[in-house]
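Q: These protein sequence lines map, in sequence, to chains U and A. Just so you know, our numbering puts the end of the first sequence at 91, numbered straight through with nothing missing. Just so you know, our numbering puts the end of the second sequence at 205, numbered straight through with nothing missing.
What the hints contain is simulated information worked out from the structure, not anything from laboratory work. Built from N, CA and C at the ideal position, the CB exists for glycine as well. Don't take every hint at face value.
Each pair of labels, with its calculated beta carbon distance range [as the list claims (entries may be wrong)]: (1) A:N55 with U:S68: 37 to 43 Å; (2) U:G71 with A:R205: 32 to 38 Å; (3) A:A128 with U:R63: 42 to 48 Å; (4) U:N85 with A:A95: 42 to 48 Å; (5) A:A174 with U:N85: 39 to 45 Å; (6) U:V5 with A:K68: 41 to 47 Å; (7) A:A128 with U:L90: 34 to 40 Å; (8) U:R63 with A:L58: 39 to 45 Å; (9) A:V116 with U:W39: 33 to 39 Å.
Computed far set for chain A versus chain U, every beta-carbon distance over 10 Å [to be verified]: (10) V40; (11) L104; (12) A134; (13) P172.
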Amino acid sequence: MGALVRTSATAVWLILCGLTVTSWVLGTRHVFGVNDHVWASVVIIVVAVFKVRLVGLYFMELRDAPRSLRGLFELYCAVLMVVLNGMQLLN
Amino acid sequence: MADVISLGLRDADAHALAPRSRHVPGEPGMWVLLFGDMSVFTALFIVYLHARGHNRELFAQSQSALNKNFGAINTLVLLSSSLLIVMAGHAIRSARWVHLAQRLTLAGAAVGACFVVVKVLEYHEKVAAGITPATNEFFTYYFVLTGLHLAHVVIGLAILLALSRLARTAQPNATRIAFFEGGSCFWHMVDLLWIVIFPLVFLVR
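Construct the entire structure; sequences and hints are all you get.
A: Right, here's the structure in full:
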């Protein structure tokens, strides 16, 4: 059973949980200053897309997928990052 | 980063637990469905952010009425459920651990079902406070985005229950393993979508 737990997926799960708590703190406290929530929001979006990438690569096992499928997923993450942050900053 | 993450696979079972190299998880056709679903949600995110751009004050004010703790707890719930399903996927591919595959899948479904319970509590809190989809534009988007995602969670839970039956066999063949991988990927997509919805609707201003 220990072998099932000691995998890269478990390490990724720990990182994902840590990042979730970090985003929650950033989104509920004024870490960047009372009026600087725009930059806090950008950090939160960057963290979210990084988490999406980790789920895809390590939980969906796309890191072992053919280059075309992995590339499509990496493209999805890149588009998500640009679109969400772009609209956050420009809108 | 990859070095940090790769520290896990190092014991004698690592080889058996490691996924097959360079293969499409599940059925190739399923990825059309997954990327299609992810694209539809991305379009909804764009529509939401565009609408917010026209009325930032209303969206920020309404967002403050949301219970961020429920959202964060549900993120941890889905991540934990996903990990159990990943472990079930490793188990079903390993002769040594295949007997645990069904129990791990059911455990993943049970943890995932907690998402629905928390979401019902969250919706109840809103309705009790007189907040409905008709309250204002923000809450229309809130209920549409979270409601659509909740529908995916329910479908995902049904798939996990079906996978638990697939995982019952002592010697799963390649077809069963491919179905299991495909169903698992749908569940991870549900997790992935919530990872964006939670910060976008609950946290980002």
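Q: Determine whether the Cβ-Cβ distance between G71 of chain U and R205 of chain A falls within the hinted range of 32 to 38 Å.
A: For R205 of chain A against G71 of chain U, whose Cβ atoms are near 33 Å apart, the range 32 to 38 Å holds.
Q: Can you tell me whether the CB distance of A174 of chain A to N85 of chain U sits inside 39 to 45 Å?
A: 41 Å, holds
Q: Say whether it holds or is violated: V40 of chain A keeps its Cβ farther than 10 Å from all Cβ of chain U.
A: 13 Å, holds
Q: Verify the CB-CB distance for A128 of chain A and R63 of chain U against the hinted window 42 to 48 Å.
A: 45 Å, holds
Q: Would you check whether the claim that P172 of chain A is not at the interface survives, using Cβ distances to chain U and the 10 Å cut-off?
A: Non-interface label stands for P172 of chain A: nearest chain U Cβ at 16 Å, farther than 10 Å.
Q: Is the nearest CB of chain U more than 10 Å from the CB of A134 of chain A?
A: Label holds. Min Cβ-Cβ 25 Å, cutoff 10 Å.
Q: Could you say whether the range 42 to 48 Å given as a hint is met by the Cβ separation of N85 of chain U and A95 of chain A?
A: For A95 of chain A against N85 of chain U, whose Cβ atoms are near 46 Å apart, the range 42 to 48 Å holds.
Q: Hey, is L104 of chain A genuinely clear of chain U, shortest beta carbon separation above 10 Å?
A: 8 Å, violated
Q: Okay, A128 of chain A versus L90 of chain U on CB: inside 34 to 40 Å?
A: Holds, at about 37 Å.
Q: V116 of chain A and W39 of chain U, beta-carbon distance inside 33 to 39 Å?
A: 35 Å, holds
Q: R63 of chain U and L58 of chain A, beta-carbon distance inside 39 to 45 Å?
A: Taking Cβ atoms as reference, R63 of chain U and L58 of chain A lie about 42 Å apart, which means the hint holds.
Q: If I claimed the Cβ atoms of V5 of chain U and K68 of chain A lie 41 to 47 Å apart, would that claim hold in this structure?
A: Check failed, 30 Å falls outside 41 to 47 Å.
Checked against the numbered hints listed earlier, the structure breaks hints 6, 11; every other hint is satisfied.
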